[in-house]
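As a plain string of letters, each chain reads:
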Amino acid sequence: MIRVQREDFDVAAELAALSGGRTDIGGVVSFVGLVRDMAGGAAIGAMTLEHYPGMTEKQLAAIEAEALGRWPLAATLIIHRYGRLEPGERIVMVATASAHRDAAFDSCRFLIDWLKTKAPFWKLEDTDAGAHWVAADARDDQAAARWIEEKPSEHR
Amino acid sequence: MKLLYFAWVRTRVGIGEETVDPPASVVDVASLLDWLRTRSPGHAEALKDPKLVRVAVNQEFAKPDRRLAAGDEVAIFPPVTGG
Chain W
1 MIRVQREDFD
11 VAAELAALSG
21 GRTDIGGVVS
31 FVGLVRDMAG
41 GAAIGAMTLE
51 HYPGMTEKQL
61 AAIEAEALGR
71 WPLAATLIIH
81 RYGRLEPGER
91 IVMVATASAH
101 RDAAFDSCRF
111 LIDWLKTKAP
121 FWKLEDTDAG
131 AHWVAADARD
141 DQAAARWIEE
151 KPSEHR
Chain H
1001 MKLLYFAWVR
1011 TRVGIGEETV
1021 DPPASVVDVA
1031 SLLDWLRTRS
1041 PGHAEALKDP
1051 KLVRVAVNQE
1061 FAKPDRRLAA
1071 GDEVAIFPPV
1081 TGG
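Read top to bottom, the protein sequences are chains W and H. As numbered in this note's numbering, residues 1 to 156 make up the first sequence, in order. As numbered in this note's numbering, residues 1001 to 1083 make up the second sequence, in order.
Rather than coming from a laboratory, the hints here were simulated on the basis of the structure. Take these hints with a grain of salt, some might be off.
Said to hold, decoys possible - Here are the simulated lysine-lysine pairs, DSS-like style, with alpha carbons at most 27 Å apart:
| no. | chain 1 | residue 1 | chain 2 | residue 2 |
| --- | --- | --- | --- | --- |
| 1 | W | 118 | W | 58 |
| 2 | H | 1048 | H | 1063 |
| 3 | H | 1048 | W | 118 |
| 4 | H | 1063 | H | 1051 |
| 5 | H | 1002 | W | 58 |
| 6 | H | 1002 | H | 1063 |
| 7 | W | 118 | H | 1063 |
| 8 | W | 118 | H | 1002 |
| 9 | H | 1002 | H | 1051 |
| 10 | H | 1051 | W | 58 |
| 11 | H | 1002 | H | 1048 |
| 12 | W | 58 | H | 1063 |
| 13 | W | 118 | H | 1051 |
From just these sequences and the hints, can you work out the full model?
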């Protein structure tokens, strides 16, 4: 499931919904991204996330479909917020559920790695030195690239 | 052709979207960027180094040689920074 929204979300409720009513799920793995109060030595007062409505949902759906094709997953969830967020606030949640933990761990990492380099979001940071657009991080490209070659773990 | 600009491309161009009727010389993404740079100082500043921007055509990432048609929606933006 894909959700792109301005409002916050309840992690516990989302996790409960992901596996609710099912008995074939052996493990759920989740990642929650938060706004940090520091970036590159500058204090962050707030962050504004801009996105490309329409393409965002298409890209997230494509990334989710890729994960479902690579791993035996019972359920997946991607929630990404946009708008103005303050330090400590949740930005993104990714969760995967599978019969076994390897598929859940690997696919959760895959989803957040690919999302960071393929979903059209941009961060504007408000710092004491002014507002600036966050530059793409080469480490994110490397993290995403590793999934191009790496095969999924053996799942039992 | 509908053009969309995001993040610092939007702030440098000065508008978030515009509808344009490009000349016949515009056949693909690369030639669109060449033409757009002539439209205003803001366009020129935003698009001066094509390697710094990414382009999506009809909401799919597109390379410089992607061919364009009149009804396409073309978005120009910096490398993405979500998550």
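Okay, the hints, checked on the actual structure:
no.	hint	result
1	W:118 - W:58	holds (10 Å)
2	H:1048 - H:1063	holds (17 Å)
3	H:1048 - W:118	holds (23 Å)
4	H:1063 - H:1051	holds (11 Å)
5	H:1002 - W:58	holds (19 Å)
6	H:1002 - H:1063	holds (18 Å)
7	W:118 - H:1063	holds (14 Å)
8	W:118 - H:1002	holds (22 Å)
9	H:1002 - H:1051	holds (22 Å)
10	H:1051 - W:58	holds (24 Å)
11	H:1002 - H:1048	holds (21 Å)
12	W:58 - H:1063	holds (18 Å)
13	W:118 - H:1051	holds (17 Å)
Checked against the numbered hints given earlier, the structure satisfies every one of them.
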